[in-house]
Structure formats: structure tokens, C-alpha cells
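Trainee: Here is how the chains run, residue by residue.
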Amino acid sequence: MSGKIVELTVNGRTVEEIVDPMEPLQSVLRNKLGNMATKTGCKQGGCGSCTVLVDGEPIVSCLLPAEAAVGTEITTLEGITPDDGLAPVQEAFRDHFAMQCGYCTPGMIMTAEALLERNPDPSRAEIEDAISGNVCRCTGYDPIVDAIEAASESMNGQGDDGA
Amino acid sequence: MTIEAYYRPETLEEALDLSAEYRSSLDIISGGTIAMPAINEGKTFPARVMDIRDLDLDFVESSNGERTLGATLTLTGVLEKIDEPFLRDAARHTGGWSIRNMGTVGGNLFSPPPLGDFAVALLALDAEIEVQQRDEQRWISLSEFYAGPKSTAIEADELVTAVRLPPIDGDTTYTKYTRSQEPARAIVTVAVNLERQDGVVETVRIALNGAGPHPVRMHEAEDILEGERLERDAIERAAEAAAEGADPPEDAIASAWYRRKMIRHHLSNALCELRNQEETK
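Protein chains in written order, with the numbering used here: chain L, 1 to 163; chain U, 1 to 281.
Keep in mind that the hints were calculated from the coordinates and are not lab data. Positions of the beta carbon are idealized from the N, C-alpha and C atoms, including for glycine. Heads up, a few of these hints could be off.
[What the hints assert, rightly or not] Examples of chain U residues toward chain L, derived with CB under 8 Å:
hint, residue
1, T2
2, A5
3, R8
4, T33
5, N40
6, E41
7, T44
8, I99
9, P149
[Stated by the list, open to error] Here are the simulated distance ranges between beta carbons:
hint, chain 1, residue 1, chain 2, residue 2, range
10, L, T9, U, S62, 33 to 43 Å
11, L, K32, U, A47, 45 to 55 Å
12, U, S62, L, A125, 29 to 39 Å
[As the list claims (entries may be wrong)] For lysine-lysine, the following BS3-like pairs were computed, each having C-alpha atoms within a straight-line distance of at most 30 Å:
hint, chain 1, residue 1, chain 2, residue 2
13, L, K4, L, K32
14, U, K43, U, K150
15, U, K150, U, K261
16, U, K81, L, K32
17, U, K43, L, K4
All chains should be built: construct the whole structure from the sequences, respecting the hints.
Mentor: This is how it looks when you write it as C-alpha cells:
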């Protein structure tokens, strides 16, 4: 075995882990570091369920060798969830029933976080475009777009009337 | 089987030394969006992998209308650093957001069909690529680079380091046709760069993706159009020639038969679109 100890910064904490050559970040995050929100999906970069942020950019962690993430700031869903509740995007997903089986949800939320960070007031078309690489087989996407729209409103201090 | 080593060189010298030493037993990745799916799937087990993302090749340089794009420039980088609509269109249609954050200009040249929706635009612009090995640096045209199915004109110890684009003259159009909403694999992607003089086609480059083992130029269709006006008859003959000359891949998305039909249809549409555009001097 040619495993190697690497230092990764995940959700602000620096951890050491043994990784194999070309082992995807997804597998390290989920199977070794216990960040269970980072789902194992298609492993082809096609479904988006393993989306995490690397230095604030959404990437599919199944296609990033873990070693290539050394020296970056990795953020998973666990990292945006407050200790005592939910982040605004998570609240909005719950309120708008933007999930059924929930498998795509962490990836969707990470993409939504990255979008709202860059564009606090996106149009529906911009939201659809941003999440186009995240596949959801349950909701038909409308509730997800509603939720992200509502999250942007609540984060900008406008009330969400639940519409 | 396991992969023995993962190298992450920080200088071009180091990278070229590694490729000289290990040659074809070394797989090269920059964004990972082509190699990683195959490795995850267990389809390939390269002995060694070299990741060139740290080589500072993510630049864009412009001089006298000529642009040089570094091989590890991501597609997101293209959208951030280049304002040319044709190139932006191509970058925009290559993968979703997270894939564009990872996939690179150099890597896209090596995409298996029907991927390579950025490379097809580069082919329509008659791009040249910079190839380096330890003792030598050379430029070859992208048409020469594509040597056949799964084969390129570069040696095992060579690295693609940049893509150079001449100034873009005349009119361009880019169309990607997919079965479902993008991001999705192309059924066919059409990229055309055409120059006219008083309505008569002087030069035209038609590049198609989904029409062969890699992005391909349709020389026969180009020959039909040159010296002609963009009128219905010439357009139809060119589109027909492209469909006949194509050797489309067959996959779960489309049969070769269907791709051929769509080549004719979408090339004809692209040319009609150019006909309806005012000629750019």
C-alpha cells in the first residue's frame, strides 16, 4: 500500500488522514472523516450529490484527488450548519419541502450557498442554471428553486410569506 | 491493483522530468474530470498519475488580437478572464458549474467523444497547441493533434502546455444540441467560423463534435461553401456533405444514425443563422 498522511482543512478544522493515491476527496470526507452529508453518488461527476466547497468554489468531490485538496479550505454541509439549528438555506429547504428522499439535498444546499455568496439576489433562471449540475429525481426541482429564492429573501432581510 | 504514486509537481521542469522518466506509465490529469471517473469506475488503473494543476498554467495572454490560454485554465477561468462571446459560449456549454470549476482547456482536448465541447470551438478557430518535453518545445495545429480514435500526435514524454488562438475574423456561431437540459452530453455540437466578402464566403471552418472519434473539421462541406453565397442550395449541400462524411459515435444518448440526421439539421441551422446575420467586416 502506498497510503500517505495528508493534512486537510475541513470546516475550519485541520485533520490528518491516511489517503491512497487518487483516492477521491468524497471518500475521505465521508468514509474516513465521518462527514456523512457528502454523499456517494455516481462517482462520475454527473449527479452533484458529493458537491462541497473548496476555497468557496463548488466542486464535485468524487473527481478531486484528496491530495489535491491539501492547502485548501474544504466546506461540507456540516460546516455551514449552526450548532443550535439550521442555516437559512436549510430552513428554506425544510419550509418549502425541497426534498423527498434527501439524497441530493446536501449537494444542492452547498451549490445554493456558493450561489448566494456570489449573487445574493438571483433570478429563478440563475438559480436553475447554478443547480443544473445537481440531479434530483424526486422533487421536479420547483420546490428547490422556491427554497433557494426564499433563502435569498430571508438572508436579505425580506420576509418569506411562504409563497 | 493500486495506483502506485500520485505526483503533484510545482514546476514545469519537474513535470517534464517525470514525463520523461515514466512516459506512458504516467497518466496526466489537470482538473480530473476525465481521468477520475474512469479510475473511480475501475476502468483504468494507471501505474502513476501526475497532477499538473499547480504548474501556474492557468493564464490568458493577449497580444495583437491573438490569445494564448494556459493548459490548466479552467472553464470557469475562461468565463472570468475572456470576453469573446464564441469562446464564452463554448465554455458555458461544457459541463455544469462544478465541472467548469474543475475541467481545463488542456484537458478538454483529450475528452473522449462526445465530450470536448470546448475543444470543438478551438478547432473552428484553427487553434495551435504548445507541446513541450524536456529538451524541446513545439507548436502544432489542433487538426494535426487529433490523430485518430484515442490517439493524439503527441509523444508519451510530451505535455500540452498552452493553446494559441489567432485573431477571430468574420462571424462565428456555436450550437450544442442535447437530449435533456444541460449539463448533458452532446448529440452534436456545431462550431463555425466564417468570413465573407460582399456576401461571398471566402473562408469557413466547420468543426463538429459528436461526428467522429474527436472533434472534427468538415473539409468537404467547407469546400462546397467557399466561393458561394450562403443560400439555401449551398447550405443544404454543405450540410448533406457533413452528414455523409461524419462517422458519429454511438452511445446511450444517440445512435450514429440519429447523430447523422442531427448533424445535417443543426449545421444547416447554424449556416442559416449566419446567413441572417449581418456580415462582419
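Trainee: Among all the numbered hints in the text so far, which are the ones the structure does not match?
Mentor: Numbers 7, 9, 11 and 16 - these are the hints that the structure violates, sorted from lowest upward.
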